[in-house]
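Student: In case you want the letters, here they are:
Number of protein chains: 4
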Amino acid sequence: MVSEHRLRRRVQFYETDSAGMVHFSCFFRYMEEAEHAMWREAGLSIAPEGADVGFPRVSVACEYHRPLRFEDEFDVSIRITAIADKTITYACVVSKGDTRIASGTLTIACVRKREGEPMKATSIPPEIAARFQVAVGADR
Amino acid sequence: MVSEHRLRRRVQFYETDSAGMVHFSCFFRYMEEAEHAMWREAGLSIAPEGADVGFPRVSVACEYHRPLRFEDEFDVSIRITAIADKTITYACVVSKGDTRIASGTLTIACVRKREGEPMKATSIPPEIAARFQVAVGADR
Amino acid sequence: MVSEHRLRRRVQFYETDSAGMVHFSCFFRYMEEAEHAMWREAGLSIAPEGADVGFPRVSVACEYHRPLRFEDEFDVSIRITAIADKTITYACVVSKGDTRIASGTLTIACVRKREGEPMKATSIPPEIAARFQVAVGADR
Amino acid sequence: MVSEHRLRRRVQFYETDSAGMVHFSCFFRYMEEAEHAMWREAGLSIAPEGADVGFPRVSVACEYHRPLRFEDEFDVSIRITAIADKTITYACVVSKGDTRIASGTLTIACVRKREGEPMKATSIPPEIAARFQVAVGADR
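Protein chains in written order, with the working numbering: chain A, 5 to 144; chain B, 5 to 144; chain C, 5 to 144; chain D, 5 to 144.
Each hint should be verified, as a subset may be incorrect.
Intra- or inter-copy, both count: the list cannot distinguish identical chains.
Mimicking DSSO-like on lysine-lysine, the simulated pairs with C-alpha atoms at most 30 Å apart in a straight line are [unchecked claim]:
1. Lys90 <-> Lys100
2. Lys100 <-> Lys117
3. Lys90 <-> Lys124
4. Lys100 <-> Lys124
5. Lys90 <-> Lys117
Read the hints as simulated data drawn from the structure, not as lab findings.
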């Protein structure tokens, strides 16, 4: 069972903006990259072809402490802080060496997808839920 | 003095993802578009060339209620909910007709930029602060 | 029958990079925005839900003459330069006032989409082909 | 002296579009990632802080052969096909295993940047030109 993951990444030029730093929206992309890598580590794809459930985000947040700049190497640490019947919540920290750059949260919901129907929240399939657990100390 | 703004937009194809809806990170770009349009309505650019202050985001959040899809027309309403010495906070609502799609907040900080020095929070210049006020009822 | 379209747009902050100008990849997004707006002007969506044909790009190019910067207003002019059984080719010009900023081409192919099968080129459906024609003088 | 580079990458979810494949504009970002990695391999940054020259793209092109989908692993091979006084041209191939996905070209120009002045093409500084050479067979 997987409860956390760490990703190392470098800032790409197209992620910077004319203030000379990574655009704030890109941090959510970094968190998502780490999340999907964690799912792969758990032996899963979050969006396999033909899946009848999906995992849209329902609530996200981020606080920015320091800027990231072109070619900076950084880490994205993600860990599971809560698992409910239909949702999973993650906490993420983006850091560069010992410097905390940003910290955020993502809550995703499991939804059933049927062509032409609105998405509807549903229980996380047991074969998926069985691969994940809340990180130790995440409830502090 | 300006305290709110409404922007009408259409979903572009490159903003969608393979779940068939707008990627969640793009909602922050929509909120920023509305913010910058509000600054223009106030007679300002948030990032004029050669400016010695900038306005990075320090804290953002978004809740997602319904998906947006390719070519959907939608509105982004932004209003100022707080103005402090060094920060401004906005609340945003993304809606499609009468349907609430997403709601979010952005807090930006005024920073002084000096080549080769770290950014440092500073008071919002009075000629900028004079153009904005908190929206009526925003403190509820 | 539609053969050209002009779109007015403003540069968004997230489209700039740390060189202080619009990232070169965004110009392809501008061209696509103009293309999709032209399809709408023709009474069509290029990607309606549940469609069994799609229009991926098979060949694109762009030359860059001048930079675009944050908040610049610009026009994207697109016109059809060739229509074949399975492909459409467009020429695009991005300009700011009288200044030519960039010029590009896009060729799209009509493909049949079947779940679990590779995409396969197919004739453009006649109800789509009937809405478009090559722009006057485009063969010069 | 460096003349080519190969980068391995995985498709991220935010790079896909609602056609279920990587958006065509992202391939230019992949090529640029490979280019910048090649510069780093040569001991250089293409955009160091405070640099007085920059390398905007002046001409780019791409042909698309097969789609890339979420989580596909792929390679981007870049090699230098021409070096002139003020420009460098690269050829790129994106492949997934033995399958050619896309092939493209980028031409970049060296420009002098002065605050408040338009960019002006200039000779590539010798300490940069000395690190690169045209790839063997690239003139075929």
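Student: Now tell me, hint by hint, if it's right for this structure.
Tutor: Hints, verified against the model:
1. Lys90 <-> Lys100: The answer is between: 26 Å across copies meets 30 Å, while 33 Å in one copy does not.
2. Lys100 <-> Lys117: between (38 Å within a copy, 21 Å between copies)
3. Lys90 <-> Lys124: Within one copy, since 10 Å is at most 30 Å while 38 Å is not.
4. Lys100 <-> Lys124: Between copies, since 19 Å is at most 30 Å while 39 Å is not.
5. Lys90 <-> Lys117: Result: close within a single copy only, 14 Å intra versus 32 Å inter.
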